[in-house]
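J.: All chains, full assembly: derive it from the sequences and hints.
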Amino acid sequence: MDLADLMDVFLISFAMLNLVFTLLILRQKEAYYPDDMLVDEQIESTVGSLL
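If you read the sequence shown in my numbering, its first letter stands for residue 1, the second for the next number, and so on.
These are computed hints drawn from the structure, not numbers from a lab. None of these values were measured; they are calculated from a predicted model. All residues carry an ideal CB built from backbone N, CA and C; glycine is no exception.
Restraint ranges, calculated between C-beta atoms of paired labels, are given here:
(1) Glu41 x Phe14: 19 to 25 angstroms
(2) Ala4 x Gln28: 34 to 40 angstroms
(3) Met1 x Leu50: 16 to 22 angstroms
(4) Asp40 x Ser13: 20 to 26 angstroms
(5) Phe10 x Glu44: 19 to 25 angstroms
(6) Gln28 x Met1: 33 to 39 angstroms
(7) Asp40 x Ile12: 20 to 26 angstroms
(8) Leu6 x Thr46: 22 to 28 angstroms
(9) Ile25 x Ala4: 28 to 34 angstroms
(10) Gln42 x Leu11: 17 to 23 angstroms
(11) Leu3 x Arg27: 32 to 38 angstroms
(12) Asp5 x Arg27: 31 to 37 angstroms
(13) Glu41 x Asp5: 30 to 36 angstroms
T.: Next comes the structure, spelled out in structure tokens:
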């Protein structure tokens, strides 16, 4: 593994962690986001495009 591979792994895991934190924050503010299903679909499609 060279430095570029390590950076790729780091960036992908950083993006995944950001998605998880975003999901947790959106879950805590449920009263403000009645369209959680739409948010879930957006997150799933984003995760799907990353994999």
